[in-house]
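Engineer: My request is simple: use the sequences and hints to build the entire structure.
Next come the chains, spelled out residue by residue.
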Amino acid sequence: MSILVFVEDWNGVYKKASFEAVGYAKSWASMIDAKVVAVTSTQAPAAELGGYGADHCIQIELGQTAMGIAGQLEALSSSASGVVIAGTSLGRSVAPALAALKDAALSTNTISLPLGTAPFQIKRGAFSSKSIETIELSGASPIISFVPNSIGIKVTSGEGAVETQEISSLELLKVIGTEVASGKVALPEAEAVVSGGRGLKGPENWGIIEELAEVLGAATACSKPVSDIGWRPHSEHVGQTGIQVNPNLYIAIGISGAIQHLAGVSASKTIVVVNTDPEAPFFKAADYGIVGDAFEVVPKLVNALRAFKAAS
Amino acid sequence: MNNKNAFLHEISLDLLCVHSNLVPNHNPIMNTLVCISHVPDTTAKINFTANGTSLDPSGVQFVINPYDEFGLTKALHLKEAQGGTITVINVGPAITEPTLRKALAIGADKAVRIDADPMDAITVAKELKNHIQVNSYDLIICGQESIDYNGQQVPAMIAAMLHLPFANACVGLSIQNGTATATSEIDGGHATYEAALPMVIGGKKGLVEEKDLRIPNMRGIMSARTKPLEVVASSETGGLTSPVVFEKPPGKAEVKIVDSENVDELVRLLHEEAKAI
Ligand SMILES: Cc1cc2nc3c(=O)[nH]c(=O)nc-3n(C[C@H](O)[C@H](O)[C@H](O)COP(=O)(O)OP(=O)(O)OC[C@H]3O[C@@H](n4cnc5c(N)ncnc54)[C@H](O)[C@@H]3O)c2cc1C
Ligand SMILES: Nc1ncnc2c1ncn2[C@@H]1O[C@H](COP(=O)(O)O)[C@@H](O)[C@H]1O
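Respectively, the protein sequence lines represent chains A and B. If you read the first sequence in the working numbering, its first letter stands for residue 1, the second for the next number, and so on. If you read the second sequence in the working numbering, its first letter stands for residue 1001, the second for the next number, and so on.
Worth flagging that the hints you see were computed from the coordinates, not collected in a lab. Just so you know, even glycine gets a beta-carbon here, dropped at the ideal spot from N, CA and C. Hints are not guaranteed to be accurate.
Straight-line C-alpha distance at most 25 Å; calculated SDA-like pairs for lysine to any residue [said to hold, decoys possible]:
1. A/K154 to A/A34
2. B/K1079 to B/Q1176
3. B/K1256 to A/R198
4. A/K309 to B/L1269
5. B/K1129 to A/L170
6. B/K1248 to B/A1274
7. A/K174 to B/P1028
8. B/K1275 to A/V155
9. B/K1248 to A/T117
10. B/K1252 to A/V291
11. B/K1252 to A/E189
12. A/K16 to A/E74
13. B/K1211 to B/T1043
14. B/K1110 to B/A1094
15. A/K174 to B/Q1133
16. B/K1129 to B/S1174
17. B/K1079 to B/M1222
18. A/K284 to B/T1042
19. A/K284 to B/P1040
20. B/K1129 to B/D1148
Computed, partial: chain B to chain A, Cβ under 10 Å [to be verified]:
21. Q1153
22. T1181
23. K1248
Computed far set for chain B versus chain A, every beta-carbon distance over 12 Å [what the hints assert, rightly or not]:
24. E1080
25. D1138
26. R1219
27. A1224
Structural biologist: As structure tokens, then:
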């Protein structure tokens, strides 16, 4: 028996969520005494995956698009007892496409390991973080797509045998270009996120947000109106209608904490709010708060963090 | 656009069609399907029935899924540019009809409701696939995600079932002579794809801008009453996933307020207590 796990890389470098996915598969496999089979691109360092629980690594020339990859995984998963795919932007297209091809049960937005395998149940986020839903998946080979950073990375060990296979991919889209900002932390992958709202008054004031993000190695984000007025790019908009984030640390600066904003960030492990208004609703959703002016507090916080980093 | 302009616009489109042989690069007309999910308003308080097995709809206002509003407006833009028809569809029970009527009032030409109370996304996708197979559409626009169950499943499933090209998290779409160019958000950036129509889109803001979103005007609301809303029997049964129980997420402990003069204390708490740095 096996649990198949899709391992995503970017130019040969594994995404952190991929290690988490292998660990997820390992936990699941140990519940049913199965092996973990990792599917990875030929460019990536497959042997590394053994350290996260992979018993067997199949290296293939991965398709260029979600549909192409889903077709390859369909071929590889015909006898698997389950499939694990991290909910990255690629994974969120691959998983439902694979479920349709296999006619298999799928849980997306999953935030727990299997609660049990007979019946097979997991917990997932629903109603934009306003609820947690337990669902049951039927059939011989359920597919799990989980929220990155909701499970955590585990270092364990697997046999880590590597094998190369050839499986063609059927592409229906022609990729004419990709552009990915280099050197910056991608929002969905980030462990820390520093987010700014309308309280920052204008795009020229984002320097303090970027500085704070830099000391923390964090990604930058913003509230919806901030991207709507064009102070920041759309791709930074978090919330119910933007990107949902799940970092260890979310720092909200000059954001009121409207219900639609909270829907995309409330799953963060620790939330810090800086706001001049002690009545701002965000304080109710926060772990730590500072009532104060961002233009005074943030530079002080940057200095304090620099001192902390230097000392540790 | 006010009514007078809309009228002039229609006339000029008619003229365009008559003289289409004179207009270079005139695109063929488009038949677009916009899949609409019917979801609680973004501000709705979410409660569940006593045994926790389903959403308690009392006091909840239902709306067109916000992601689908961008898709519907995009369909209107395409129709205005090159003619065609817009069909909106929902798989759901009769209570979703006001949502479809609203889409008609915004400008869709006809609505279809597949009469079902689907248990999961794959069942919705199969119903939609069955409809698409017997009707010919050049473009199928879905939203990236329904804000109720946050599935992000239906559009990719339809595309896979029908072997159609698929662009998810689509923030830009243009069509020239039957070829679509779609821009999608990917982790940390964007990708641009090209595909021959028909194709499936999982759309979001960017497909059109927020300021372009249309709200129903009086004329639209009046005409929506007489536009066709066809109810079709469902063709699928069962499902592969089923809800067991819904819970509210655990509440947060009281926020710890740190004095703004003492940011060192915040750093200490983040390190020692939260272990976040
Ligand atoms: C359908 C729909 C979907 C939506 N989806 C989203 C979404 O996905 N994401 C999202 O973010 N919003 C979303 N919204 C919008 C949401 O309702 C709020 O309007 C928005 O989040 C408010 O943004 P903000 O907090 O930046 O601005 P404001 O509400 O204007 O708040 C600014 C805050 O800054 C504080 N402030 C002012 N000056 C300072 C200073 N010098 N220092 C520190 N603090 C200061 C103020 O006290 C205030 O609390 C949606 C709305 C709708 C209707
Ligand atoms: N019941 C439904 N009827 C019609 N379209 C739907 C339905 N459910 C989902 N969709 C479409 O699929 C998109 C993604 O939904 P989901 O997969 O549920 O997150 C939505 O934005 C709609 O376009």
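Engineer: Take the hints in turn and mark each one as holding or not.
Structural biologist: Quick rundown of the hints versus the structure:
1. A/K154 to A/A34: holds, 18 Å
2. B/K1079 to B/Q1176: Holds, at about 13 Å.
3. B/K1256 to A/R198: Holds, because 24 Å separates the two Cα atoms, which is no more than 25 Å.
4. A/K309 to B/L1269: holds, 15 Å
5. B/K1129 to A/L170: holds, 20 Å
6. B/K1248 to B/A1274: holds, 23 Å
7. A/K174 to B/P1028: At roughly 22 Å apart (the allowed maximum being 25 Å), B/P1028 and A/K174 satisfy the hint.
8. B/K1275 to A/V155: holds, 19 Å
9. B/K1248 to A/T117: Distance ~24 Å between B/K1248 and A/T117 Cα, so the pair holds.
10. B/K1252 to A/V291: Distance of about 19 Å is within 25 Å: holds.
11. B/K1252 to A/E189: holds, 24 Å
12. A/K16 to A/E74: Distance of about 24 Å is within 25 Å: holds.
13. B/K1211 to B/T1043: holds, 20 Å
14. B/K1110 to B/A1094: Given pair B/K1110, B/A1094 holds - Cα atoms ~16 Å apart, limit 25 Å.
15. A/K174 to B/Q1133: The hint holds at about 24 Å.
16. B/K1129 to B/S1174: holds, 24 Å
17. B/K1079 to B/M1222: holds, 21 Å
18. A/K284 to B/T1042: holds, 19 Å
19. A/K284 to B/P1040: Cα-Cα ~23 Å, so holds.
20. B/K1129 to B/D1148: holds, 22 Å
21. Q1153: holds, 4 Å
22. T1181: Holds, because the Cβ-Cβ distance from B/T1181 to chain A comes to roughly 8 Å (cut-off 10 Å).
23. K1248: holds, 6 Å
24. E1080: With a cut-off of 12 Å, B/E1080 remains clear of chain A, as the shortest Cβ separation is near 23 Å.
25. D1138: B/D1138 is indeed farther than 12 Å from all Cβ atoms of chain A, at 15 Å.
26. R1219: At roughly 28 Å from the nearest Cβ of chain A, B/R1219 sits farther out than 12 Å, so the non-interface label holds.
27. A1224: Given that every Cβ of chain A is farther than 12 Å from that of B/A1224, nearest at about 25 Å, it holds.
The structure meets every hint from the earlier list without exception.
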